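Student: Residue numbers (the numbering used here), protein chains in the order written: chain A, 2 to 112; chain B, 45 to 158.
Coverage of chain A stretches by chain B, computed from C-beta distances (three or more under 8 Å per stretch; other residues unrestricted):
hint : stretch
1    : 38-49
2    : 92-101
3    : 104-112
Don't read these hints as lab results, they were simulated from the structure.
These figures come from a predicted structure and were not determined experimentally.
For each residue, glycine too, the CB sits at the ideal point set by N, CA and C.
The primary structure of each chain is shown beneath.
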Amino acid sequence: DAGVTQSPTHLIKTRGQQVTLRCSPKSGHDTVSWYQQALGQGPQFIFQYYEEEERQRGNFPDRFSGHQFPNYSSELNVNALLLGDSALYLCASSLGANVLTFGAGSRLTVL
Amino acid sequence: GQQLNQSPQSMFIQEGEDVSMNCTSSSIFNTWLWYKQDPGEGPVLLIALYKAGELTSNGRLTAQFGITRKDSFLNISASIPSDVGIYFCAGHPNYGGSQGNLIFGKGTKLSVKP
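All chains, please: the whole structure from these sequences, using the hints.
Tutor: This is how it looks when you write it as structure tokens:
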């Protein structure tokens, strides 16, 4: 049983570019949450998707947007990349309000 | 905004030693969670606490949900080399909603004594 899978695992972008990160939830899970983890810090909540809608959002600018598809997979989009967006982006899935299962993350470097 | 203060930031362990770390918040949480993150991996849940005063064990790990709902601790007994990693506390704010919007501490890094 595959857990949460994320792609790509690593990527490098330059300032001003746009990036799309992808997440497939664990089998049986219907809710996807995204977190940003800067180096040496704990994860910070970006937003959560359920039934293809953004249900909750953390303190992140509108440059961060997302989408959830009918098969429950999700994308995180970041526009106009800044150096400070360099981080590990974690996707976590759950069945409704239950415990989160995290993926291994996508490491984004912005030059 | 809500913050979690986790301490210590780092610690060195020798095999067989007991380890203790804690987390405090400026506001009430109705759920406390403890995660471990290994290099190149996402956080893995160790223990979940849902009730003030609750004491829960998972093998050599024991965690408690503070009575005030503003703190939690994690103890590891008889540490072994694979305990090395970064441990995070996380809390869910005391209002309705799912566990999606967890607030994490900055982590406690466990390393082996040279």
